[in-house]
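Visitor: Full structure from sequences and hints, please.
Residue numbers (our numbering), protein chains in the order written: chain V, 1103 to 1532; chain D, 1103 to 1532; chain U, 16 to 339; chain A, 16 to 339.
Because the hints were derived from the structure by calculation, they are not lab data.
If you're wondering where the values come from, they're calculated on a predicted model, not measured in any experiment.
Don't take every hint at face value.
[As the list claims (entries may be wrong)] For lysine to any residue, the following SDA-like pairs were computed, each having C-alpha atoms within a straight-line distance of at most 20 Å: (1) V:Lys1521 with D:Ser1156; (2) V:Lys1465 with V:Asp1454; (3) A:Lys265 with U:Asp299; (4) U:Lys265 with A:Gly300.
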Amino acid sequence: MATKRKASKVSGNGSKRSTNGAAAPRGSAIRVNEYGIPDWRLEHPEFEVFEVSSGPEVHYEIKGKLNTPVPPIRESKYLRREQHLELYRWMVMNRRMEQALENLYKQSKVVGGVYFGLGQEACSCASAFALGPDDWFAPMIRNQGAQLVRGFHARDIMMQYMAKSGSPTRGKDGTSHYGDIEKRHMVSPISMLGDLLPVMAGVSLGARLQGKELACLTWIGDGGQSTGVSYEGINFAAVRKLGLVLIVESNLWAYSTPTEYQVAVKDLANRAIGYGMPGVIIDGTDACQVYDATYEAVQRAHRGEGPTLIEAKLMRMKGHAIHDAASYVPKEMHEFWRKRDCIDRFQKYLLDKKWLTPAQDEKLIAKVDQEIEAEREFADSSPMPEGPTAAEGVYCDANCHRIKPKYGLPKKAQRSEGKLRQTEAAIHFK
Amino acid sequence: MATKRKASKVSGNGSKRSTNGAAAPRGSAIRVNEYGIPDWRLEHPEFEVFEVSSGPEVHYEIKGKLNTPVPPIRESKYLRREQHLELYRWMVMNRRMEQALENLYKQSKVVGGVYFGLGQEACSCASAFALGPDDWFAPMIRNQGAQLVRGFHARDIMMQYMAKSGSPTRGKDGTSHYGDIEKRHMVSPISMLGDLLPVMAGVSLGARLQGKELACLTWIGDGGQSTGVSYEGINFAAVRKLGLVLIVESNLWAYSTPTEYQVAVKDLANRAIGYGMPGVIIDGTDACQVYDATYEAVQRAHRGEGPTLIEAKLMRMKGHAIHDAASYVPKEMHEFWRKRDCIDRFQKYLLDKKWLTPAQDEKLIAKVDQEIEAEREFADSSPMPEGPTAAEGVYCDANCHRIKPKYGLPKKAQRSEGKLRQTEAAIHFK
Amino acid sequence: MAQTTYLEAIRQGLWEEMESDPTVFCIGEDIGVYGGAFKVTDGFVHHFGSERVIDTPIAESAIVGAAFGASLTGMRPVAEFQFMDFIGCAFNQIVNMVAKSHYRWGAPAPLVLRGPAGGGVHGGPFHSQNPEMHFVHTPGIKVVAPATPTDAKGLIKSAIRDNNPVLFLEHKFLYRRIKEEVVDQDYTVPIGKARIHREGRDLSIITYAAMVHTAQQAAELLAKEGIEVEILDLRTLSPLDRGAITATVKKTNKVILLHEDTRTGGLAGEIAAVINEEAFDDLDGPIVRITSLDTPVPFSPPLEHFFLPKVEDVVREARRLRAY
Amino acid sequence: MAQTTYLEAIRQGLWEEMESDPTVFCIGEDIGVYGGAFKVTDGFVHHFGSERVIDTPIAESAIVGAAFGASLTGMRPVAEFQFMDFIGCAFNQIVNMVAKSHYRWGAPAPLVLRGPAGGGVHGGPFHSQNPEMHFVHTPGIKVVAPATPTDAKGLIKSAIRDNNPVLFLEHKFLYRRIKEEVVDQDYTVPIGKARIHREGRDLSIITYAAMVHTAQQAAELLAKEGIEVEILDLRTLSPLDRGAITATVKKTNKVILLHEDTRTGGLAGEIAAVINEEAFDDLDGPIVRITSLDTPVPFSPPLEHFFLPKVEDVVREARRLRAY
Ligand SMILES: Cc1ncc(C[n+]2csc(CCOP(=O)(O)OP(=O)(O)O)c2C)c(N)n1
Ligand SMILES: Cc1ncc(C[n+]2csc(CCOP(=O)(O)OP(=O)(O)O)c2C)c(N)n1
Ligand SMILES: [Mg+2]
Ligand SMILES: [Mg+2]
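Guide: This is the structure we're talking about:
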């Protein structure tokens, strides 16, 4: 019964979108979708994955335009020149670290599986890069880059996978399942998807009670966002105007299930409408778009104006985890997105701009590799935990932590004088 | 970041809205809200409840236009003349039964509390009245009228409240917490709000597997819809195009909490956008709008086209349950809505149309009262259950039910010949 | 000192903690202007303001998640479940996010989850549940279930000050039925310590929450027959006070385990195993369980009466065990 | 008859039921084209079509709710949890909607909830849980946990044919590790009946799932010392086979309760209480519990090894109990 509008361009910022060359001029027109959600992308791929049930096997195929040219990078409004290079370095580090993880796995040095963020490095790194120093974040399995950007070392992640005693969780948990509330303000995810959303809203609430407006960044997959708790968290943040910055990584698959079978809506950003908060669509393989959209959301959070939903469109370029060859993915899909590799595109952008020379680039990559190798070395030679430590740490005993408000004692602690009076009001069940 | 449009009128159906007289002509223009959601109402009340924190007590006040004229009834496109009268009778019966419940409570004959749907009778009765004979429904506490319309007797509901042996649950549960999968196809609600939504989607799924497209009607409050499971159910129904017909009863309060503190969006129907399903806004005190919107949603379900979200705007006219005096509600709010009493308006409409004479009306009401009295008599004189029956019925033993597909054996039970072959595919944890 | 109900004692404890520690705040459904379905926070919003007495949407997983998030910043949230039955809607958040947090990644979660539990008020299957075992069986969260106003006040304060998540079960049957003199100043009752509610030499009843009062009534009847029953009120269900359990068994050599929660998988089983481990040779008779039936809590009064453990059940079993 | 793994046995049972009963269908995450994270439904979608092998969004409460709704129309849904750990996300739907449905309003819910549980594969805290007790303690749902391929196949069939909700726990450690000859035709194993896995006269080990194999290894070592252990494999955890428990205790007079689930509030407590009730006078020694630690399941192999019950634990305790 709802009527839709045609997607249209908002000419607010004047200049027209450039289609050739590696960069789109700053302030290129921003399109809005049929429900008025801004869409910052410089291309709007149109394809659809569907189930084919004829023939001996049920499988997935794709239809749509798959040979469109690779779009330019949208010039950042906020990144300074040298920040581009820093960000690029993080993205390279993210990828190289994951390659090192893959090698460790092949050498049977990893316990369990490995998760990769291949193709999603821009989405992990540029968003984390847009946070302020005090802000909090909570990564999902694909956001290992964000952990690096926010001050963890490759060894931390490696040791998590290798279940080493020196890992942030001392071997109690693996993968990205760790955190730090002291210094780096990372909240540990749990496997159950979506539960982090209200938690990050709560971090913002706790800080606000102490007079501080934080941005609390987290990511959720196009699959994981189907969990009810995700929307409990989004709604709570919206009602209380809490500083949740949510990046929905629309990477087209949830394990083996295409997004078409997860949700009946093309743009998950549309959900922002129903929750009364701003939504925006970006190209998740364009580091500048990721940075700028997150940056604006972070500023909003710092001003106490509430949450933002950023839908990043991109593609999961490996299987769900290392055991999964992703043979259910139509080949053309990988090909389409391989051309849009976020690191290649960003690299080309920087080279074209001459902010980076090929020689500098080579050196940068070599240095990253060196660093990763040292980290790997450290992680590899570190010991496994001792069995009996398994019994420790279930409870925090009286002295194990000094619990105090991080941002100072809440000021306006009460609004009136007066004492507690007895209540005799009617109640529900007597 | 999202841009909104101004609400506008869609002139598709031609004629202009009438503002005087009790009836708006059939096909009056339907407005759409800023996101394109059709809004069938013939008035668009604008007010807002907000917390006031000055003075000794924190309390709620209301601001906005509260003395606008009562709008006409929107002529039904689908109800036949005699159906109007039948529907009116159900609404009267709904109210009179609840008055009888209140009396029983005052006589201490009710166990626990009583819930009322005062002011919401149109929303309960007209929607249930729009179902086809095979369709299913699941009421919430305020939808006692729907139970009457679908073939339960006032005594059933009374005995539920009085915890009688003859109640549909034999005293095991109270209020609307009962059901019938044999004849009347009512699924019992549980207290936890929202869990019914996926269940009703599942009823539709089960029937579809048997070759039958059902409409599965349920209601949820503007408060209850905040539960995550509600959206799991909505999303699942949308993805699978299941026949869920969902009426969100936006009655402005959830227990003591104004909707403004439940959600940050003005029209909950907007949520339909994010789930890829049609949404529509109606005046929940206009029986014709409720009927027509539900009717269209039911037809959609029967055609296998998927779920519909109907947001009914109205007001809870009593407290949460009988113990609650609702003193937190600003007085003007009750006054505003009292003028829009759904039964009074429908009655006037029928009288104005001369489809009902005052004498007929009196007789109808008297007959209803008589019926209710007989029901009360029956319920009151029926026995309480025997203690030891508490131990019975936890499990369904082999012969307690004959379980068989209600709509016939699924036909296309397999798509190929062939035998089970062993699998050696890689798995997640070895 | 004034005669104070169980309900008022909890209110007092919570109020005093909010007054003395600005990091404590309340969050839940209808706890602000309305003061909560049972009025535990009645008047709190007027005194502390709606920043510290937060009405939320109906979303239990969000409430617990938000409380947990806030606790990570050093706050001490107290989250109310309108009825403890709704804790199932936040189950995953509690069991997997909150309870495992310190073990997994070293983040303490100093929060309290509180609300009305228990039956006897004809609340039916969804307003009468006793959810303790799900959490007693969850390492990382403590479970407290006071039976008296004095303990209720002292334990809510300990729960708030504890650096771990604490599930605080208020028995709604006791809210306004149980009264006693309660110190109207600051004091705490330690978590993890049981309490001898009544001394006796002939047999022990180990119990908690509303059933302490059922045991007491039975003990008074039995005393007339010369059977002196010792009643151990566990007060904390996790961690269990194994020392106190063992001590009373070693003293009386016969034991009845009494709880309102349903039988199979209930706490009585755990205690039976503990007694076997710690005091097997001290037992002069089988351990007797008295519990509710293995059914949902039925609504109708005669059914609920049949369902719940009764004074006469305790008297009967005590006589039987005495004679063993 | 062919050598069949535990995993294949479950697949076979499920496949056969889907072939013979068109009201059976599968619903869950990634169970269609992918065949499930553990490949239990590998190939099913090709044979039965995607109408009967339904990939869902990631929404466990919706999966269970939809299965329940479908069951009300006379279907027999089999819902997969990708890992049983995620059952917490559907907790309320299972415990309050599904399990109470027959008691409250007489609606049977013939559905199966199945998926991989248990540790030993270094899955860490969220891919190793044993959730049985939450449901053993929930009247209205049955709980099954097979240890062998033969039982796995026979019990999945019984679970599907049962008119009640059944939680079917597959132990992922056993999936491809345990093989035996399995009848490749239709047969069932009854729910509610335990099985003597090994006869013995000196003491009894009551256990289930993966721990049956730990007990077996211990029994073989103990046999060399002349200690003959009887192993009772419970197979069904709810309803418990009290008769079989009592019989083995009456036979050997000494008993070890062994489970992989954590200790406090685990099934061993319940069984200890049952033994006290049914066979107190037959006990010649304290009931011994061997369980995992009261912690989340740790990830790192040395930690998980320390956490889990081991063959040497069983051997040590058996020697001690024998000497009691
Ligand atoms: C509540 C819950 N159900 C199921 C899973 C199992 N699971 C882990 S990741 C995954 C797919 C996630 O897809 P998406 O959220 O799109 O993230 P992506 O892997 O694409 O980054 C599933 C089903 C889980 N972790 N949590
Ligand atoms: C999951 C859950 N949490 C809390 C409650 C307690 N509760 C019952 S009704 C209600 C308010 C419901 O408001 P709404 O959904 O708007 O329905 P209305 O009463 O306005 O018709 C609350 C909080 C509940 N039933 N379920
Ligand atoms: Mg994805
Ligand atoms: Mg409402």
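Visitor: Look at each hint and say if it fits the structure.
Guide: Okay, the hints, checked on the actual structure:
no.: 1; hint: V:Lys1521 with D:Ser1156; verdict: holds (18 Å)
no.: 2; hint: V:Lys1465 with V:Asp1454; verdict: holds (18 Å)
no.: 3; hint: A:Lys265 with U:Asp299; verdict: holds (19 Å)
no.: 4; hint: U:Lys265 with A:Gly300; verdict: holds (17 Å)
Hint compliance for this structure: no hint is broken.
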